[in-house]
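There are 2 protein chains.
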Amino acid sequence: MKQEERDKIMLDRKIQDELRAVLGEDGFFVDPEDLASYSYDAFVREFTPDAVIVPRSTEEVSRIMKVAHREGIKIVARGAGTNLSGNAVARQGGMIISFTRMNRILEIDIRNRCAVVQPGVVNLVLQKEAKKRGFFYPPDPASMAVCTIGGNVALNAGGPRAVKYGVTRDYVMGLEVVLADGEIIRTGGKTVKNVSGYDLTRLLVGSEGTLGIVTEVTLRLIPLPQATKTLLALFSSVEEVAETVSAIVSAGIVPTTLELMDRVIIDVIRDVGGANFPPNAAALLLIEVDGDEESVEKQGQKVAAFCRERGAVQVDAAETQEEADRLWQARRSVGGAIYKVTPSLLVEDAVVPVSELPVMIRRIGELSKKYNLKVGVLAHAGDGNLHPDIMTDVKNAEEMERVEKFIHDMYEEVIALGGTLSGEHGIGIGKEKYMGLEFSERTLDLMRGIKRVFDPKNILNPGSFL
Amino acid sequence: MKQEERDKIMLDRKIQDELRAVLGEDGFFVDPEDLASYSYDAFVREFTPDAVIVPRSTEEVSRIMKVAHREGIKIVARGAGTNLSGNAVARQGGMIISFTRMNRILEIDIRNRCAVVQPGVVNLVLQKEAKKRGFFYPPDPASMAVCTIGGNVALNAGGPRAVKYGVTRDYVMGLEVVLADGEIIRTGGKTVKNVSGYDLTRLLVGSEGTLGIVTEVTLRLIPLPQATKTLLALFSSVEEVAETVSAIVSAGIVPTTLELMDRVIIDVIRDVGGANFPPNAAALLLIEVDGDEESVEKQGQKVAAFCRERGAVQVDAAETQEEADRLWQARRSVGGAIYKVTPSLLVEDAVVPVSELPVMIRRIGELSKKYNLKVGVLAHAGDGNLHPDIMTDVKNAEEMERVEKFIHDMYEEVIALGGTLSGEHGIGIGKEKYMGLEFSERTLDLMRGIKRVFDPKNILNPGSFL
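Heads up: the protein sequence lines correspond to chains A and B, in order. 1 is the number of the first residue of the first sequence in this note's numbering; add one for each residue after it. 467 is the number of the first residue of the second sequence in this note's numbering; add one for each residue after it.
Honestly, the hints are just simulated from the structure, not real lab data. These numbers were taken from a predicted model, which means no experiment stands behind them. Incorrect hints may have been included.
Here are the simulated DSS-like cross-link-like pairs (lysine-lysine), alpha carbons at most 30 Å apart as the crow flies [as the list claims (entries may be wrong)]:
id	chain 1	residue 1	chain 2	residue 2
1	A	Lys302	B	Lys923
2	A	Lys457	B	Lys923
3	B	Lys768	A	Lys131
4	B	Lys861	B	Lys597
5	B	Lys597	A	Lys298
6	B	Lys923	A	Lys131
7	A	Lys340	A	Lys302
8	B	Lys764	A	Lys298
9	B	Lys597	A	Lys128
Which residues of chain B face chain A? A few of them, derived with a C-beta cut under 8 Å, are [to be verified]:
id	residue
10	Leu590
11	Glu789
12	Leu793
13	Gly915
Every residue, glycine too, gets a C-beta built ideally from N, C-alpha and C.
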């Protein structure tokens, strides 16, 4: 956007005063140094917002939205800014709503197995509070120590445990939502079953902040599994891993996690001293099973046998929590390790049917060779969700052209295999241009129509995938 | 509707010929005797359609919808007509699409743990086919031996197993849909994770045939549990049962089913000789647990102990499949038994948070006394889903007035307790007038807006809850 256009939408004094009156001095920011820290998220592009507002209540969000709607000010809701698709930045200017002050767990209701939380609650905080009471909130995005439930709902966040436990959508029972014009509605509630009217709850989950501002979330909790067992299997080829995963899935075994890492990732971790792998380890599968004490032992042995039969060069099973933590260390150190060897990292997010995992991994290898790029593959393999990690430098224009081509070809292949553009990161800025690969123009028109019903002035996270 | 109005929308000869050309003589019916059997469903009201069409393919559905859209002919999709909310009848005339000829299981894809089916596939047929391959399709509406997947999707059908395994929505991965104007779109696919664009799949599930005609469904399958254990606990009061259920749920035990029957139902079954209960049995809880062999034994013992601690006068555990069938017999005989003692049956469908189950059951008892009605309570108690069975005579106008008042007061109480108007039967004809209890006018406007986006001419199951 050109500077003249930006100036036009900058907030005039009168509106600033009006918003400040709602939010107080400590809830409204327009100073460049304050705005700077809200100009980026975990995606690679930066946009400085015109203001940042930090409401304390649904009531304040509603009052702000009334002003924004009247004035046509764009609004982007933001949790911890960990998202990888550019959904927490003000692409077209306007205001960022930050939920750092709406971060309370309002209730953990054991009798109805649910929690009622504000959007700014950190995922791991909720997990820990539920655990104290013997209950479990399964969705575990990699950023769970900082990312918020509001962001999880907006992006329908998943994580390693999704293979057994599903994604955020599967846990959202009800929402309180402030609409574009400030009106407050509620959807769903504390009942698991609900077929009354259209399912607005699940329409809002994963809508990337484009349909409404979520101000309260009712989440289903499940009983905490008694025991967990972690295994690490090393293979001499990624194809063997992919075949093993496919075999485990079709045998009807449901591990809690089935995390795959390929040779590129393993080498990076080895190079930065993140873990000690034998030299013939070219691919790795990190497996967790959970359940009753006895069933966990059995499942573990079954999975280990599967791995050995399919060529694993080494299978380690953790006997203690410390050993489990050691096995997880490699997986957890990936992000940090990669940033030590590359200036920029693009984490892609694609899903293929599990049966196509071997094909897709091979294809990613071919494409990275073709475009001469360093691409590692991490995958939540059990549900066919691949995260190709493109190690690049966004300042290298020539390389970025090759990156673009690689990404395009990759998603073309993903769709050809019956997959989808995103499993858990969302479309956002990065992938809007590929929507036409997955959806017909008519389907996109239906989505645009829904957007207009909720947000006729197009002020909620505009410039998104629609 | 008056006869003059009906005549206006009757199909003219030219359109009849056009439709017959698409469908063939054996796919298009306008004779009164053919129409008669499509004039009712399991709800209590009858409406004769203008025509019944029986397509063989998505292509044919698309061609029919093009004609219907052009001519403004109303369309109601129908599976087996077992639904209890009046959703499978032509309330405003027009044509019924029957899916009896689109009843093939197209694929059971074990590698991706899913099935691809046409809408006319009978639920139990799919369950059996999946079971043969060691897999499980859990949704089990009471009518599963005849009801179809298309109807299950339209109403988001549940069933006894929903307490552990969820409802139809939790298994729908993808859809093929013919839109109101005949265009064909696809949503979702064979991937479990998908956060690409708005979740049209789950918006369509439970939309009661108002947004599109589903012509193909991709359903998730899960591994078949190794073992099942059935228990029947008899109590001397329904309050004890409700408290037991609430205690089981908050203790973190997840039985597969937790079916409750109150004294009225038990007496009916006893009277018609459907089962032999001791005289002090005033309420019953039918429990099923599943999982590994060992875990099933343990769970069964735990649940039995819970029941005894809370006052069960008798707890029977089935040791064989025959014994389990015998325990289920009472539950399965309810429908038949009730029709022996009453001319008409209204099966209501309400959900409250599980913690409110004791309150709600008490309240239903009070209301049936107040309005002098015979109302039995069946409940999928584990998820707070109540089916009050109103035994009445729809031809008795005076009694029907009291029935109306009872239903109104009951749903008012349900909503006051944080519940919802429908857990698995849908809104349809019966409950449209109560939508204002659960939803604000604004929320209903959003739903109406969505309806207009999908069906601007309002030809799909019109006169529904919007």
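Tested hints:
no.: 1; hint: Lys302(A) with Lys923(B); in the structure: violated (57 Å)
no.: 2; hint: Lys457(A) with Lys923(B); in the structure: holds (24 Å)
no.: 3; hint: Lys768(B) with Lys131(A); in the structure: holds (21 Å)
no.: 4; hint: Lys861(B) with Lys597(B); in the structure: violated (44 Å)
no.: 5; hint: Lys597(B) with Lys298(A); in the structure: holds (23 Å)
no.: 6; hint: Lys923(B) with Lys131(A); in the structure: violated (51 Å)
no.: 7; hint: Lys340(A) with Lys302(A); in the structure: violated (37 Å)
no.: 8; hint: Lys764(B) with Lys298(A); in the structure: holds (17 Å)
no.: 9; hint: Lys597(B) with Lys128(A); in the structure: violated (38 Å)
no.: 10; hint: Leu590; in the structure: violated (21 Å)
no.: 11; hint: Glu789; in the structure: violated (25 Å)
no.: 12; hint: Leu793; in the structure: violated (24 Å)
no.: 13; hint: Gly915; in the structure: holds (3 Å)
Taken one by one, the earlier hints fail for this structure at numbers 1, 4, 6, 7, 9, 10, 11, 12, listed in ascending order.
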